[in-house]
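Here is how the chains run, residue by residue.
Number of protein chains: 2
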Amino acid sequence: MGGDKAMDETKRNHYSGRFAYHGLDRVLHEKARLGIMTSLMTHADGLLFNDLKELCSLTDGNLSRHLQTLAEASLVEIWKSSSAGRSQTLCRLTETGCQRFASYVTALERVVRDAAAAEKGWDAEDGSMPSGWVAT
Amino acid sequence: MGGDKAMDETKRNHYSGRFAYHGLDRVLHEKARLGIMTSLMTHADGLLFNDLKELCSLTDGNLSRHLQTLAEASLVEIWKSSSAGRSQTLCRLTETGCQRFASYVTALERVVRDAAAAEKGWDAEDGSMPSGWVAT
Numbered sequence: 003m004g005g006d007k008a009m010d011e012t013k014r015n016h017y018s019g020r021f022a023y024h025g026l027d028r029v030l031h032e033k034a035r036l037g038i039m040t041s042l043m044t045h046a047d048g049l050l051f052n053d054l055k056e057l058c059s060l061t062d063g064n065l066s067r068h069l070q071t072l073a074e075a076s077l078v079e080i081w082k083s084s085s086a087g088r089s090q091t092l093c094r095l096t097e098t099g100c101q102r103f104a105s106y107v108t109a110l111e112r113v114v115r116d117a118a119a120a121e122k123g124w125d126a127e128d129g130s131m132p133s134g135w136v137a138t
Numbered sequence: 003m004g005g006d007k008a009m010d011e012t013k014r015n016h017y018s019g020r021f022a023y024h025g026l027d028r029v030l031h032e033k034a035r036l037g038i039m040t041s042l043m044t045h046a047d048g049l050l051f052n053d054l055k056e057l058c059s060l061t062d063g064n065l066s067r068h069l070q071t072l073a074e075a076s077l078v079e080i081w082k083s084s085s086a087g088r089s090q091t092l093c094r095l096t097e098t099g100c101q102r103f104a105s106y107v108t109a110l111e112r113v114v115r116d117a118a119a120a121e122k123g124w125d126a127e128d129g130s131m132p133s134g135w136v137a138t
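Quick mapping for you: the protein sequence lines, in order, are chains A and B. Heads up, the working numbering is the position in the first sequence plus 2, with the first residue counted as 1. Heads up, the working numbering is the position in the second sequence plus 2, with the first residue counted as 1.
Bound-form chain A, shown alone (with noise of 0.2 Å):
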């Protein structure tokens, strides 16, 4: 019963590269970068590091590292200022990381899509193998 697993050749051609969800930015689907990126589109003035740092539960390190990834790839500007006797730092969204996220986040939606469509689907009774297959 092994033979009527696979797919027929036309179906396989089909269906080539319906996962790979290219449009997944791998410097954006990142789960700090994501809550990073998140906060900076719904701050769009800008948020000082030590708020950002707080929206997103990271350490001081793990957050520059991030910015510093981000900046590089032009999604975010980071700005220093000295005055009041301290520095700050403010980091912001610029309109390019604008642009990348939201087409990250299109692509996001069609995950979703498809997962919910893919919930509706799975039924966790069939769960039983036809003879001749092996657990590994």
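If you're looking for bench data, these hints aren't it; they were derived computationally from the structure. A portion of the hints provided could be inaccurate.
Copies of one chain are not kept apart here, so a pair can be met inside one copy or by any two copies together.
Listed next, the in silico DSSO-like pairs over lysine-lysine satisfying Cα-Cα at most 30 Å (straight line) [unchecked claim]:
| # | residue 1 | residue 2 |
| --- | --- | --- |
| 1 | Lys122 | Lys7 |
| 2 | Lys55 | Lys33 |
| 3 | Lys122 | Lys33 |
| 4 | Lys33 | Lys7 |
| 5 | Lys82 | Lys55 |
| 6 | Lys13 | Lys55 |
| 7 | Lys33 | Lys82 |
| 8 | Lys13 | Lys33 |
| 9 | Lys122 | Lys82 |
| 10 | Lys7 | Lys82 |
Dock chain B against the given chain A, drawing on the hints supplied.
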């Protein structure tokens, strides 16, 4: 003008961790594994290795590596068959895999909702910085 960019203490505490997205399971929040999981969710009775490879546009090596990660986390199960004179590998979601994936998708939906709400408020025209801030 730098000072007015900081959140006040009450607001900061209130929103602490708001964008931490703890529900974004690290095993699942990876582009290739997300494709594998959605493919398997869409095919409740399992997929042969070669079909899964095609759907996700992955190489043999990459698919093997990611399947191993998912199997170690008990999210997928791997079956072997040597019927019809050749060896075949079938991959299926486990019940745990289905549940964990559903939770992950709920977290993903929240990101999408946050991002959609933020996009409406993001005004790219408000791009000038008050004096005293220096780009890095």
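Hints numbered earlier in the text: which of these fail when held up against the supplied structure? No numbers; nothing is violated.
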